[in-house]
Each structure stands twice: as C-alpha cells, then as structure tokens.
Amino acid sequence: MALDRCDEANGCLQIVPGSHTWPILCTEKADTTQSFTDVIVPLPPGASSVPVIMEPGDVLFFNGQIVHGSNPNTTGDRFRRALIGHYIEGDSQKVASWYSPTLRMDGTTIGLESSGKGTACGVWVDHDGVAMPEVSGFEVVEKATE
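The letter at position 7 of the sequence shown is residue 117 when you use our numbering, and the numbering goes up by one with no holes.
For the record, the hints were derived by calculation from the structure and aren't laboratory data.
A quick note: this is a predicted structure, and the numbers were derived from the prediction, not measured.
We put the beta carbon where it would ideally sit given N, CA and C, even for glycine.
Be aware that a few hints might be false.
[Stated by the list, open to error] Mimicking SDA-like on lysine to any residue, the simulated pairs with C-alpha atoms at most 25 Å apart in a straight line are:
{"no.": "1", "residue 1": "K204", "residue 2": "R188"}
{"no.": "2", "residue 1": "K139", "residue 2": "K204"}
{"no.": "3", "residue 1": "K139", "residue 2": "A206"}
[Unchecked claim] Cβ-Cβ distance ranges computed for the label pairs, FRET-style:
{"no.": "4", "residue 1": "V240", "residue 2": "E165", "range": "33 to 43 Å"}
{"no.": "5", "residue 1": "L170", "residue 2": "T137", "range": "38 to 48 Å"}
{"no.": "6", "residue 1": "S225", "residue 2": "D148", "range": "20 to 30 Å"}
{"no.": "7", "residue 1": "E223", "residue 2": "E118", "range": "19 to 29 Å"}
{"no.": "8", "residue 1": "Y197", "residue 2": "I134", "range": "36 to 46 Å"}
{"no.": "9", "residue 1": "G174", "residue 2": "E244", "range": "32 to 42 Å"}
Can you build the whole structure from these sequences, using the hints too?
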C-alpha cells in the first residue's frame, strides 16, 4: 500500500508483465547506485519493466514470482514509503523450502513442511536466436557492499 505518491522520479515499483510465467531466475549482483536492492534478475532481449504509478492509499496485489523492483529515489524532497506484506494461505500445510521461515503476523514461526516443489534457478540461454530460460542449478550471489 502506497503511503506516498509513487512515481518514476521517486523510484516507484517496476514490474515485468508476463514474467510470473517464467521459471525462477538466478539473480546477479546489481549496481546499487541504480537499483534499490543489491541483486537484479537479468531480462531476456525485448523484455522490459513498466512503472506502477500509485497514489497514497492505493494497494497493489501481485504474484510474488513476477519480476519486480525499484529504482533509486532521485528527488531531493520526496519519500517513497509503502507498507508491504507477503501472504500464504492460512490453512497451508507445506511450502517450498526457499519461502522459509514462514511467520505469523506476531512474528512467531509457523512449522510448515517442505513441499518438495520448486526448482533451482534458471538463466537465459540462446536457442537458435531465441532467449529461453534454462534451469542450471542454484547460483549463490554474495551481497554487494558499499
């Protein structure tokens, strides 16, 4: 939920339409002068992000697998505050291992079994001139430092 107006100048959320249908992609180190976080998901040729412009009080729900991120706030006098929540069904019994720990609203851990579902991350490879995701295993990315 946006607490402030969120637009391109103050680094609003950017999403890549359709990317929720891709496999989970390996991250790469990001340039933190250009990215809100220290990792980035490489996009295939032709894919691009679109800004999500929001007014205070606007709420956006989206599949967490959609490629998303933010650019830096380039304004000198505006914030980009938001409330963010990640949800899982309350009656869930299992969850993919990389969604652990799963916490209740009070911060206590929910003891869910690993579903055994999910895959290693993938990378973009060229197949006869077409970018295709290929699962290649886990890639460990060290956190960027200042």
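Each hint tested on the structure:
1. K204 x R188: violated (41 Å)
2. K139 x K204: violated (31 Å)
3. K139 x A206: holds (24 Å)
4. V240 x E165: 33 to 43 Å: With Cβ atoms ~39 Å apart, the hint holds.
5. L170 x T137: 38 to 48 Å: Violated, since L170 and T137 (Cβ atoms, about 22 Å apart) do not stay within the stated range.
6. S225 x D148: 20 to 30 Å: Check passed, 28 Å falls within 20 to 30 Å.
7. E223 x E118: 19 to 29 Å: violated (42 Å)
8. Y197 x I134: 36 to 46 Å: violated (18 Å)
9. G174 x E244: 32 to 42 Å: At 22 Å between Cβs, range violated.
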